[in-house]
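Protein chains in written order, with the working numbering: chain A, 149 to 455; chain B, 149 to 455; chain C, 149 to 455.
Just so you know, not all the hints are guaranteed correct.
Note: identical chains are not told apart, hence a pair may lie in one copy or across any two.
Think about it this way: if two alpha-carbon atoms lie no more than 16 Å apart in a straight line, the pair counts; the simulated EDC-like pairs of lysine to aspartate or glutamate are [to be verified]:
no., residue 1, residue 2
1, Lys394, Asp363
2, Lys235, Glu422
3, Lys314, Glu346
4, Lys151, Glu173
5, Lys235, Glu382
6, Lys272, Asp183
7, Lys155, Glu264
8, Lys394, Asp362
9, Lys408, Glu298
10, Lys314, Glu360
11, Lys314, Asp362
Calculated directly from the structure, the hints in this document are not laboratory data.
Listed below, chain by chain, are the residues.
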Amino acid sequence: MAKLSQKDVLRADQFTAADIDLILERAATYEAALDAKRELDELRGKILATLFFEPSTRTRLSFEAAMHRLGGRVLSVSEAKSTSASKGESLHDTIRTVHGYADAIVLRHPEIGAAEIAALATTKPVLNAGDGAGEHPTQSLLDLYTIRNEQGKVDGLTVALVGDLKHGRTVHSLATLLSRFSVSFLFVSPSGLRMPREVVERVQTRGVAFQETDDLGRALREADVVYMTRIQRERFADPAEYDRVKDAYVLTRAALAKAKPSITVMHPLPRVNEIATDVDALPGAAYFRQSANGVPIRMALLALLLS
Amino acid sequence: MAKLSQKDVLRADQFTAADIDLILERAATYEAALDAKRELDELRGKILATLFFEPSTRTRLSFEAAMHRLGGRVLSVSEAKSTSASKGESLHDTIRTVHGYADAIVLRHPEIGAAEIAALATTKPVLNAGDGAGEHPTQSLLDLYTIRNEQGKVDGLTVALVGDLKHGRTVHSLATLLSRFSVSFLFVSPSGLRMPREVVERVQTRGVAFQETDDLGRALREADVVYMTRIQRERFADPAEYDRVKDAYVLTRAALAKAKPSITVMHPLPRVNEIATDVDALPGAAYFRQSANGVPIRMALLALLLS
Amino acid sequence: MAKLSQKDVLRADQFTAADIDLILERAATYEAALDAKRELDELRGKILATLFFEPSTRTRLSFEAAMHRLGGRVLSVSEAKSTSASKGESLHDTIRTVHGYADAIVLRHPEIGAAEIAALATTKPVLNAGDGAGEHPTQSLLDLYTIRNEQGKVDGLTVALVGDLKHGRTVHSLATLLSRFSVSFLFVSPSGLRMPREVVERVQTRGVAFQETDDLGRALREADVVYMTRIQRERFADPAEYDRVKDAYVLTRAALAKAKPSITVMHPLPRVNEIATDVDALPGAAYFRQSANGVPIRMALLALLLS
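Pulled out of the complex, with its shape left as it was, chain A reads as follows (with noise of 0.2 Å):
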């Protein structure tokens, strides 16, 4: 039976190029399976715990329904952290008593590292759903996912990473993870929020191509995919500085009106007014059915450390 190179999902880099081939060929035939409305039993029988430490409704939601399309159970707790937590007790502990009630765990916590402390403290997979502002490597599975199925394929494409490129993790997971294809990478953010560093040298040392700029449109004339991403307010020390630069990274249907048609526009949602409304009904508005994507990429993880 295929197997991944580890029991655990923690970071987006931990993967083999055949852990990928595996979780993107797996995550297709379920797509195809969930389209052609066919029932799975895979997981029967198996329980998966969702402990939410801070609330992420969606990527709640979407490993639930990837672990009930599967025929599993789910323990859910929402409100982690007004529990055993606030009564002081350690996550190994809580993560060892919730190894006695279920046959995976998702975490999602606050603290950077959490799932690393999670994944030691029990045999069973441990799959993590955003630690802070470390990583989200499900998230990226389904980014990349999702870019070979509107585009039909990752290599060759051009790459534009879009907004806050300093604070978001979704980012600078899916920069790690493309990486590894032969892509070249737009980044678009004010000057303040740039990539960090480490993830700049990262992509270098894999050979890699970048450019970094300010300037939206000229990214939008040269990708293939354009992923966006918010900008908050309270990221910028004067408030002046965030007025002056907030319009220029909203994507518009008149922006894209300059774009390659075949561009991919792509977010990871929740989206407040990054991209205008009137872009979601163009074909290459891909955000939505990337969302959806969630759920067959987590089916994949899921049945591949389960079964």
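Please arrange chains B and C on chain A, whose structure you already have, making use of the hints.
Chains B and C alone, transformed into the frame defined by chain A:
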């Protein structure tokens, strides 16, 4: 396969006569199956998302029980407010996202019209579980089903709606739905909390007889069905006025002694003190059966919309 | 079909000897099935409602895992306080309503006696998952099961109950349940937190030997089982008194060096610092196995009450 005339359940007045027949008949079949402890599997492999932007444990559990009783699965969000919406996401975007995870969506929302917005955002069925002061159509259907079960018919009955008729979403929807039948209404309320003119006009348009009164005692002597609702102190500008009327709208065993022996007593629950607890043991005290009827009614709706 | 002597699980002392045999034996069967990853289906088509009026994620998940492991379904209310109760509904009415949705009800409530009230409101099984300072009978059963599993027997053992014996619901119920066996007790606590007289008298009435002491070191030399509980700062009128005793009730590897090699260390969890983490690796450190035993014990109870 029998089908409802619309893909969604949004308003009490959307149903055709054929829809109502279909729903009540199907609910009766399911109630018999539940009583016989027969296991059903029609929605095996299907997922229902229950999105509650305000708490309503009773309604949520009733929908979830209905889905489980048909073999389906549930994604449950009882704290929807604390999620993506709080990050500024529109309801439209939330629904388009959940569309990717589930086969049908139950929505409870504090704003009138929320369910209509949701229904436009997805091709999948949306079931309105209450939109602010707007509609709560599945409640009206289970009320109708209860009346027919308890009295053996609907046509020819005199139905007293009692309490705060001005603000009560439940009684507005029920009056609308019942006015399709040959019933007579007694609208019983303090003068400041009378049935809104638009509801009265809708009833009149359909040629249904009604009387308005503030005299519960008189209504009890004539009614076949008495439907109690709560009068909240905060609805009165003058607290003294509340104190003056509140006891007049409490249903007691003594008051019921003057009613028809076959009277059916209903209440949408939760009750505070509108019905004295010693009424519970009377054969006509139907409110807990009414609440239990939420399960077969919602099973019928889910099955008709999804299978 | 084997049955328990009552329809509900309300108090640790309600069980007959036959009940206890039946529960422990059934739990052992289920534990073997879980170890062998054998899928069970006995409660297929049944619904369990878990109603938590105060949070207890551990207990809730353990009951829900038990129900899922038997093929049943779950309605989960982890925020019961914020619901109908807050609108003024009585517990009796809440339970009569949930009676219409589920086949059994697990109740956690902050008030003593709540489970008894619930049991009177429904003909369906009610399982007390903790009622304030009252009872937590399923915890006592899993504690008993753990002692038997770890030591191979119960009769003849010396059991030390340690910590805040005055306020600890868990140790009251366990002392009551164990006093049906031929055990000896060591009640180990600071002088202000001694075992309540009514529990001591109940133990005496049953002819069970016990000693009271504040010396954990001495207890460790004699005990076959040491059951640690937490001492909370807020239980002390004088904070200086807390600071004086707190370190004396921390179980360390050094302290255990003087214990019997076969000693079993238990704790109801969550632990804060009552047991040093380097104790976890000792073979007798049973607290995580104890917590996992909650699943087969609750499977046994649910199956015996529902099938």
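Status of the hints after comparison with the structure:
Taking the shortest Cα distances, lysine 394 and aspartate 363 sit within 16 Å of each other inside one copy (12 Å), while across copies they are farther apart (62 Å). For the identical chains of this complex, lysine 235 and glutamate 422 are inter-copy neighbours only, at 13 Å across copies versus 40 Å inside a copy, given an alpha-carbon limit of 16 Å. In this assembly of identical chains, lysine 314 and glutamate 346 lie within 16 Å of each other by CA distance solely inside one copy; the values are 11 Å within and 56 Å between copies. Taking the shortest Cα distances, lysine 151 and glutamate 173 sit within 16 Å of each other inside one copy (13 Å), while across copies they are farther apart (37 Å).
Taking identical chains as interchangeable, the C-alpha atoms of lysine 235 and glutamate 382 lie at most 16 Å apart only when they sit on different chains, with a minimum of 13 Å there against 31 Å within one chain. Only between protomers do lysine 272 and aspartate 183 lie at most 16 Å apart by alpha-carbon distance; the minimum there is 14 Å, versus 31 Å within a single protomer. For the homomeric pair lysine 155 and glutamate 264, the shortest alpha-carbon distance inside one copy (12 Å) is at most 16 Å, but the shortest distance between copies (45 Å) is not. Only within a single protomer do lysine 394 and aspartate 362 lie at most 16 Å apart by alpha-carbon distance; the minimum there is 12 Å, versus 59 Å between protomers.
For a Cα distance limit of 16 Å, the shortest separation of lysine 408 from glutamate 298 inside one copy, 14 Å, qualifies, whereas the shortest one across copies, 66 Å, does not. In this assembly of identical chains, the alpha carbons of lysine 314 and glutamate 360 lie at most 16 Å apart only when taken from the same copy (13 Å versus 61 Å across copies). Taking CA atoms no more than 16 Å apart as the test, lysine 314 paired with aspartate 362 passes inside one copy only; the shortest distance there is 13 Å, against 57 Å between copies.
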